[in-house]
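Undergrad: Take the given structure of chain A and dock chain B to it, following the hints.
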Amino acid sequence: MTSEESVRDALEGLDLYGVVNCAGFGGEIATPMDTDIGVFDKVIAINTRGALLVTKYAARSMIRLGWGGSIVNVSSQASLVALPGHISYGASKAALDSITRVSALNWASTTSASTRSIPPSS
Amino acid sequence: MTRFGEIARRLLTEQEVDLEGIVTTAGAATSYSIVLQSPDRDRTFWHHAGANAAFTGREVNLDGVDILHLGYPPLLPELLADDAAPLLNLLKEARSRQITTSLDLAVVDPRSRAAEVDWRRDLRPDHALRRYRHSEHRRPNVGARHRPERPTTIWSRNVPAVWSTMDAPSPSCRRVREERTRSALALIASLRLGPLSPQSGLRGARQRSGYRRLSRGASSARPERAMPPAPDSSTALHKELASGGQLVSLHGSPRPPSREATLGGGALAAGPPSWPRQASTDQVDVATCDQKLPKRLGSHRPEWRGGAVIDFNHRPVLVTGATGGIGGETVRQLIAAGADADRERTVRGGLELLRS
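Listed in order, the protein sequences are those of chains A and B.
All you need for this note's numbering is the position in the first sequence, starting with 1, plus 4.
All you need for this note's numbering is the position in the second sequence, starting with 1, plus 3.
No lab work stands behind these hints: they were computed from the structure.
Remember, predicted model here, so these are calculated numbers, not experimental data.
No residue lacks a Cβ here, since even glycine has one placed at the ideal position from N, Cα and C.
Errors might be hidden in some of the hints.
To be verified - Below, a sample of chain A positions facing chain B; criterion: calculated Cβ distance under 7 Å:
1. L20
2. V24
3. C26
4. F29
5. G30
6. V78
Claimed, not checked - For each label pair, taking beta carbons as the anchor points, the in silico distance ranges come out as:
7. A/G70 with B/S115: 56 to 62 Å
8. B/I37 with A/D19: 48 to 54 Å
9. A/I33 with B/R335: 28 to 34 Å
10. A/I33 with B/I10: 26 to 32 Å
11. B/V20 with A/D38: 39 to 45 Å
Isolated chain B, as found in the complex:
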């Protein structure tokens, strides 16, 4: 184990994380990423795959597991060997055990093995099922063979990752980006996958899932209304905790979401509907962000108010520092959330008033 691996273990131990499931790979360093964040640019990642490069999925013990969340499969080359058979087998095995599964996609490097994978085809539950039946990679869970499966949730905070895995070019201008987002959402729905939750800046996260909406016709390509980020969550782990909160909610556990998940997930945890354990793949509900959702978490729902429930139309909002980065973006988002044509901006005493 590398020195970095030792530090990671020590830090996890200090946080009382159970390390039993961690596998040490001989001769490989611990994976790490260096994230460069410069002003006015998206983040840049320098990633060292390390031991993750040898991950095949067979290292995972699924006994007693409720949720399987697989992060960044495009960065796990062995999982994509043999036309992504290890990935598909892992997902299939988990589904057969009624484990909630989710994928967090990453942008595909066109020079990597990940670019050879037909993600559209391989993430289809029925395709995964066929391929699994012809594989001896894993033995099926006989006891769960006839139970209905759940589809895999595509949890991606990164819309470009969806574009790249789904073989769609990344757009540049904002309007085109919106169109591409809609296309990606519609595509996910057409593939009969679980909810997609791409990030949408200050608007929070968007939800899209399910066959039900798609079956209503082309208009269903419109994404669900964005959900606001949790108002009381703190700093950098917001989105990771939000992922956890949403997964807990999707899992439909009779247990309430943990406080951590609730805090981090905030509105996101409140957003998705409870996912019945016996639901079949064609009974997937559509995750929306409306007033019905807080009822699903009952007394455990976080207290929140956000753009999705506050109607800004014709109501004046004062934004100070509106010429700056955060203030300017806040103004743009408020305008987008309200009646764009009716806005009136007044400057008085150095303060900018936005009427949206």
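Next comes chain A alone, as it looks inside the complex:
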């Protein structure tokens, strides 16, 4: 999920109708003072960068095929509200929400594909 080459190779030539980005990493529960920046980088790499990479190469396939379809990014309530100790995870999901919105805006006027974010609820 973190290597652009591996994601590109995995998705190249595939015909895709939809994508569900569920892959994620919780990281650690830590205060901003105590957080391990290495863990932060890993959380961002998987939850945010990985989802963007998949979106990047999957969208090419979806646009090429012209079937429409959806890219669904599984987000979290941590992207919307401050949860104690979720410094890395919350940041990664908030960034994912932003990627979702920008992607949706980008494709809304040019294709029938859509992008949306779902924070799992109770």
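TA: Showing chain B alone in chain A's frame:
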């Protein structure tokens, strides 16, 4: 009033909720529930009935009311006293006023008074009618006496609650659960009640109602196709807002659903047909989730796409993190929504591809 009650009032006031209808019960604490959610288990509720234990229904002023939604009657002991007469009278009074009524069922504790109630019998509209006529608990609304009634909607996001109130054992394995769900849906239809909307996980909610389908024979026991959850709704209040959205839609109000209800209800609000105010109980339409429904809400319908309208058959869907909890369940639901026998899973570079 307890400190908790004061906090609840303050929070509601901050949300500009009208508190006029709230009744304070002297000597009783505010009801509350502690919900325990542990991984891989269903939620556990620790419930303190508090003032709700004294609720008889007489506290409710139905003047000017459009919708009466009664939550968890199995947890309201006084409402179930005298063979559930207070409950039946409240529903009957509301129906006679052409108020849309709905019940949200809860799992029945076999040691409680709720276990003594014959829910199958008592929720039948005709039974409620007979019992009401022999009761002086409430005076009938004379002006509405001859108007047709609407049945009570059973709104339950909790299928086990339906099983327990309808005296059916709760199954454990998935296949049996599906069968039991079908049975519960058929039972609700046979009792001539309004729509039943049990939750169906990631599939959203199912709809089932009405005599019309049942009259077509045993095959009508098949539940309506599940409706997807609203794609743009947010976090924890999703289902509560969905209830509100559906009730607004069921109510058939000429007013459009509120933005809140639309957001929360999403597809659910779009799902049920408008319920004509003059409909009689044998003219209840069947709530379905198909392409016709968005027309019912016209320009007010929410924009949504979900499993019920996307045909996944033979179309490949990529699921990352498919070995995890949400990802794994997503894969299972996609398989269930598509052609199970044709699926092909390929693993490339750590990504799992599901062809369904």
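Undergrad: Please go over all the hints and tell whether each is borne out by the structure.
TA: Hints and how they fare:
Look at A/L20: its Cβ gets to within about 6 Å of chain B, closer than 7 Å, so that hint holds up. For A/V24, the interface hint holds, since its Cβ comes within 7 Å of a Cβ in chain B; the closest pair sits about 5 Å apart. With its C-beta approaching chain B no nearer than about 3 Å, A/C26 sits inside the 7 Å limit, and its interface hint holds. At a threshold of 7 Å, the smallest CB-CB gap from A/F29 to chain B is about 9 Å, leaving the interface hint violated.
A distance limit of 7 Å between C-beta atoms decides the matter here; for A/G30 the minimum to chain B is near 10 Å, and the interface restraint is violated. Among the interface hints, the one on A/V78 holds; its C-beta lies about 6 Å from the nearest C-beta in chain B, closer than the 7 Å criterion. For the hinted restraint 56 to 62 Å between A/G70 and B/S115, the CB-CB distance of approximately 59 Å keeps it satisfied. Against the hinted window of 48 to 54 Å, the Cβ-Cβ separation of B/I37 and A/D19 comes to about 49 Å, which satisfies the hint.
For A/I33 paired with B/R335, a C-beta distance near 29 Å keeps the hint of 28 to 34 Å intact. Here the CB-CB span from A/I33 to B/I10 is close to 28 Å, well matched to the stated 26 to 32 Å. Our hint of 39 to 45 Å for B/V20 and A/D38 holds, since their Cβ atoms are close to 40 Å apart.
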